[in-house]
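There are 4 protein chains.
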Amino acid sequence: MRAVVYDGPRSFAVREVPTPEPTAGQVRVRVVQTGVCGTDLHLHEGRFMAAYPMVPGHEVVGVVDALGDGVDGVEGVAGVAVGELVAVNPNAACGTCEYCREGRALLCDALTGIGSNLPGGFAEHVVAPAAQVFSVEGLDVDTAVLTEPTSCAAHAVDVIAPRHGSTALVIGAGPTGVLLAQLLRGSGASKVTVAAPTAFKLERATALGVDATYLMDRGDLAGDVQALLRRSGGSGYDVVVDATGAAVVAEVLVPLTRSGGTAVFYGVTDEEDRVAVSPYDVFRRELTIKGSFAEISSFPAAIAAMRSGRVRTDGLVTHRFGLDDYGLALEALRSDRTAHKVVVVP
Amino acid sequence: MRAVVYDGPRSFAVREVPTPEPTAGQVRVRVVQTGVCGTDLHLHEGRFMAAYPMVPGHEVVGVVDALGDGVDGVEGVAGVAVGELVAVNPNAACGTCEYCREGRALLCDALTGIGSNLPGGFAEHVVAPAAQVFSVEGLDVDTAVLTEPTSCAAHAVDVIAPRHGSTALVIGAGPTGVLLAQLLRGSGASKVTVAAPTAFKLERATALGVDATYLMDRGDLAGDVQALLRRSGGSGYDVVVDATGAAVVAEVLVPLTRSGGTAVFYGVTDEEDRVAVSPYDVFRRELTIKGSFAEISSFPAAIAAMRSGRVRTDGLVTHRFGLDDYGLALEALRSDRTAHKVVVVP
Amino acid sequence: MRAVVYDGPRSFAVREVPTPEPTAGQVRVRVVQTGVCGTDLHLHEGRFMAAYPMVPGHEVVGVVDALGDGVDGVEGVAGVAVGELVAVNPNAACGTCEYCREGRALLCDALTGIGSNLPGGFAEHVVAPAAQVFSVEGLDVDTAVLTEPTSCAAHAVDVIAPRHGSTALVIGAGPTGVLLAQLLRGSGASKVTVAAPTAFKLERATALGVDATYLMDRGDLAGDVQALLRRSGGSGYDVVVDATGAAVVAEVLVPLTRSGGTAVFYGVTDEEDRVAVSPYDVFRRELTIKGSFAEISSFPAAIAAMRSGRVRTDGLVTHRFGLDDYGLALEALRSDRTAHKVVVVP
Amino acid sequence: MRAVVYDGPRSFAVREVPTPEPTAGQVRVRVVQTGVCGTDLHLHEGRFMAAYPMVPGHEVVGVVDALGDGVDGVEGVAGVAVGELVAVNPNAACGTCEYCREGRALLCDALTGIGSNLPGGFAEHVVAPAAQVFSVEGLDVDTAVLTEPTSCAAHAVDVIAPRHGSTALVIGAGPTGVLLAQLLRGSGASKVTVAAPTAFKLERATALGVDATYLMDRGDLAGDVQALLRRSGGSGYDVVVDATGAAVVAEVLVPLTRSGGTAVFYGVTDEEDRVAVSPYDVFRRELTIKGSFAEISSFPAAIAAMRSGRVRTDGLVTHRFGLDDYGLALEALRSDRTAHKVVVVP
Ligand SMILES: NC(=O)c1ccc[n+]([C@@H]2O[C@H](COP(=O)([O-])OP(=O)(O)OC[C@H]3O[C@@H](n4cnc5c(N)ncnc54)[C@H](OP(=O)(O)O)[C@@H]3O)[C@@H](O)[C@H]2O)c1
Ligand SMILES: NC(=O)c1ccc[n+]([C@@H]2O[C@H](COP(=O)([O-])OP(=O)(O)OC[C@H]3O[C@@H](n4cnc5c(N)ncnc54)[C@H](OP(=O)(O)O)[C@@H]3O)[C@@H](O)[C@H]2O)c1
Ligand SMILES: NC(=O)c1ccc[n+]([C@@H]2O[C@H](COP(=O)([O-])OP(=O)(O)OC[C@H]3O[C@@H](n4cnc5c(N)ncnc54)[C@H](OP(=O)(O)O)[C@@H]3O)[C@@H](O)[C@H]2O)c1
Ligand SMILES: NC(=O)c1ccc[n+]([C@@H]2O[C@H](COP(=O)([O-])OP(=O)(O)OC[C@H]3O[C@@H](n4cnc5c(N)ncnc54)[C@H](OP(=O)(O)O)[C@@H]3O)[C@@H](O)[C@H]2O)c1
Ligand SMILES: [Zn+2]
Ligand SMILES: [Zn+2]
Ligand SMILES: [Zn+2]
Ligand SMILES: [Zn+2]
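Chain order of the listed sequences is A, B, C and D. Counting from 1, position 316 in the first sequence corresponds to residue 316 in UniProt numbering; the numbering is continuous, with no gaps. Counting from 1, position 343 in the second sequence corresponds to residue 343 in UniProt numbering; the numbering is continuous, with no gaps. Counting from 1, position 297 in the third sequence corresponds to residue 297 in UniProt numbering; the numbering is continuous, with no gaps. Counting from 1, position 96 in the fourth sequence corresponds to residue 96 in UniProt numbering; the numbering is continuous, with no gaps.
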């Protein structure tokens, strides 16, 4: 089969590799399409969990085309019939580290990731343990391809656990911000505002049901903070999420958070970034600052939200590339201001 | 002013009483309309917190028409300007009992209730502490009159704290069931089903956005349970709520609850009722059974949900009576199968 | 090796069976001693997860004596060195059922249990996945043998999540009640009372640090309830746990629970038992009823509690039998009123 | 009566003022002794909620000596009989601001504080609403004087909600650190370490039951962090609390926190202080940063913990001054390295 293969940072080729065979307990999926996201840019640079030779691609939707031993007999497991449309959860825990033994799989010391340290979905086929393969039959493939990002957002909702009746502000209107805003909307937040600097992304957010939007001015973050505080009625938002990955934005979360509220680092900043926080303010106003990292068991919640319309996706996929154009796909993600969600079709 | 006044159980008259003056810290409200609910039937019978002479009516919407000393200067408190449309939170805690001192006001040993042990809203005017008066400016009065029931439902959502991605089943499609189902829909439940025996109430539920409905057969509860389990996919619902007040229904909550899920006694059964519960089932499947009683600090969440459309109310008010017809209003509530929400206009 | 082997309900023999070899990822443990508990009586009768031929024994402490492939290389995993004293977590989840995929392993549809559907510890050796083997180096073997029951109690504490400053009542002073009472004592409950009908068990509870005890009269449960309510100051206990397994006791939990509090079915009643619950009381006083079943990831918490002295065990083991006397061990558990914890030494 | 009276920042005198009379709902307390704490130093400088003329003193223990109207009849309220030993909760909420109406009294916009914006306990008498007066009959006055600091710590435990089996590190061994460490010990933390630069305070912590201590070197915080990480086994502590109020310490909380854990700003830093936080680290390791401010409804939990011995206080009071020596008391607190808890006796 053909696949995007990295031999090292920034060095990849689209080439022929052996089509993988599913081993015991595994399922093979013929890839329909795979989403590209910021993590793929990081992996391109050799950061994160990159392990070579590497086939990236962790937002996979496809059709089951072969089953490993012991799989077809597993009862009660959806999504293992040959021919079924499925989404693949890339993440799995080791089961034996100190965190796994405490039942906290997402904190696992030795996470495996399809598309980072295991072969991923920018390829014609991918194999995965049956437990990581979920039926998305009945969903449109442009919805289904967003299952993994929606799962991350569903996990963030678990982390945030918004008080019923909260107000929420999501900064960043990429696919991630738009998905998370919708989930917050359906998870107890009574008013969800999305702020970002690009109008068409905010229009998409509005079309998909968020309550309010605010157009930021990249040159005047302080002005944005003032305007957003004013719009909140002066006291800030119960939940404030960075979904940009920009440290300058992460730093303004605390001042935008209402007393007793929660600021969330959801965007992925650089490891070297530092933000200044006032411990007095956190103490005096009893604020909470939290991080939400990926997900490990949120596919069921994400798929349920997509099926019920709590999360809508119409119009989010704006760019589609063939496997051979993987470089162009990365480039679109990096610098095409008209791109929202970019996907690759093998 | 004119008011419904009880001198004892089942003995009331609509008569002239002195118009109340707001004392320090109080607000007087000219009543626009007041909802009638099952509690009023209980009070009619002399149960609950009835204290004579009693003016019932705890679901009040009205217009502020006088302020007691010290009220207009209170900063940051919405809803105290003369002329403002307001809803009145009937419940207040004593502040000094053991529960109040632990910060658990709703468990207060000495709750006061406007419309039960304090004069209520089936009258031309009602007085209330400013802290219990909330602006509902901009809401339709037929929405605003549902603020108190929505607040009870908002509190129930806090009690239930549905896991994100849960399925929920609400049994009972009175105003209460329909409001709670909508709030669960917007609080993390990915699919909400409402079950009840009257088709038009289910149609209203559907119109207001619940995901699914099931028409019960009052003569075959066992059959309903089987059918509802089948619809759940066999393993039940993560959250199952009784919103009927019928003990026979309360008894089937546990078998309808999915492993790890929560059964909620929200309907008000008789004090003498007992339901049979299997402690083994609760243990083996790690179920939770909970009660949710009224509310004390959920008006802000309820009003926010109404403003944002998380809770919709169009068409819920089906019957409207004048003060002089209070007896007819009770009668409609008791036995008119075409009644959904009944309100009284003074 | 020699082992207790059941061929069917009530039909067992102590006989020679092949010593198991650890397969990949497994560890073999030479059993030092294994606790006997009520579950073993249930298994004896053929109930629960019994699967024949069955070697029971799920409270195992022993010494690692062989490692399967791939085990010794696993980094950061305690308890896999040959010669190390270890306790074995009997329970594991399937990883693929609907509950496992939601990250709720304990609700797994297909739990495996060492000592029920996998060969257990009433034998000279037992094998277990490395992930289920925990170092208890430094603990006394009469403490270490209580790791599994302490883990169940640790899970119950997670389920109960006592409000800080709560009062707690544990009914039943078997090993289970005494362990759970100590954990509640160290988990936010400001006063823990243990009630049971046998004085020496209460004296043990006192010696191990519970705050208060109450000697029950098996012939007058109603009198006990009155006396216990009086001792609570009249309003009951914030947390009330059944650790007897008797349905008559389970039924009095709710009346003993303080408003806003939690009643816990921790004892294992018969599947057929039903208790009468007042839905009005649960609603009006906002009670919670919960079940706590076994554990799956609580060994680390249990071992930590034993190491720090939060849980003490001195004097709990009162009876010790050889493997050949397994029948006597069961008999002691069943009817010797002087027995507290019974263990079997192979 | 005599009282410490401030007319402005740093300007106080001990002088005769009218003995206050309790108004309706109030209780007058003859002060036995009042604790001095860092907040009194801040008030001395005119910061915090200082309002002149000001009588400071918010850690009051005394004897009820007069009751206002309506108090003696209040049923079920402990601590209102004349002659009873009581502690006084200084804090009360307004009841009408947006936070109060949401039931979040501690976030109140208009908190009143006895000893800051209301006359406090560095005086012969103090008046307080009955709801703020708690019986401490039976406790030693040197224990009872620590009720308010213990209540703050009890609130912090509610904020932290330690996972059962957690490890905890408290930095700072002033009275506050020592009290909080004990409460964490009794609230699910399986091992609690206290770190501070002064040996005798650590010895006191050990004597009062904390699991481990670490002697810091004020000149080498980086070295302390390394040593503390090593002692944790390398991965840090599940809960890390600053109880020093030093921003340099607050900044090292995050690196000392184990993945999935919680860093707590409990010490009161300067408003101008900023600490550098890595948003990537918070995101990747799913950390939580929280603040805990004072308390409003934690007196019952604190008193219960003191009564049951969960919190012990023997030896904490090291310095005692008369009212006339208030300046010396402040000075001891500020710079006497042998002082642990300082109290003032009128
Ligand atoms: N925690 C998790 O589990 C998780 C999961 C998925 C993604 N993420 C992270 O979430 C972030 C967003 O992902 P995405 O796929 O939605 O990215 P994206 O498509 O690049 O969108 C980023 C959004 O942030 C805005 N933005 C970027 N820098 C900004 C700045 N300095 N000021 C104001 N706005 C700024 C962008 O503005 P424009 O509108 O002008 O483009 C855009 O709206 C990334 O860091 C990603 O790695 C985290
Ligand atoms: N916990 C709280 O805070 C709170 C707050 C408000 C109300 N409540 C309680 O909630 C309950 C519902 O209130 P509501 O105002 O919505 O009442 P309602 O208008 O009388 O509606 C009751 C619903 O339950 C159905 N029902 C009644 N008995 C039934 C039975 N035996 N089998 C099946 N369905 C049955 C009714 O069927 P039909 O469709 O055929 O009429 C109707 O759909 C009452 O008990 C009320 O007191 C509790
Ligand atoms: N949920 C879980 O994860 C879990 C884990 C372990 C055990 N368990 C269950 O917990 C229960 C206790 O276990 P155990 O090993 O401690 O049992 P045990 O040694 O038999 O102790 C039972 C205790 O309950 C008392 N008791 C029994 N029936 C009573 C009655 N009718 N009235 C009053 N007291 C009564 C006993 O009284 P005497 O003092 O007179 O003997 C004894 O104190 C069992 O049902 C067991 O299966 C549950
Ligand atoms: N959040 C709340 O509700 C609340 C309640 C009460 C108090 N507080 C705050 O908690 C903090 C502690 O109160 P306290 O009464 O216990 O104060 P304290 O008696 O002054 O004790 C402070 C402790 O921190 C240590 N310390 C101070 N600066 C340090 C530094 N730079 N490096 C290392 N250790 C340092 C001190 O060291 P030595 O051992 O050398 O003296 C001492 O052990 C204060 O900021 C106070 O305002 C907060
Ligand atoms: Zn792991
Ligand atoms: Zn009260
Ligand atoms: Zn499973
Ligand atoms: Zn307030």
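Everything labelled a hint here was simulated from the structure, so no lab data went into it. Beta carbons: idealized from backbone N, C-alpha and C, even for Gly. Hints are supplied without guarantee of correctness; some may be wrong.
Derived coverage of chain C by chain B (criterion: at least 3 residues anywhere in the stretch with Cβ under 8 angstroms from a Cβ of chain B; other residues may be distant) [unchecked claim]: (1) 215 to 225; (2) 238 to 251; (3) 288 to 295.
Please write out, lowest number first, the hints stated earlier that are contradicted by the structure. Result: hint 1 breaks, nothing else.
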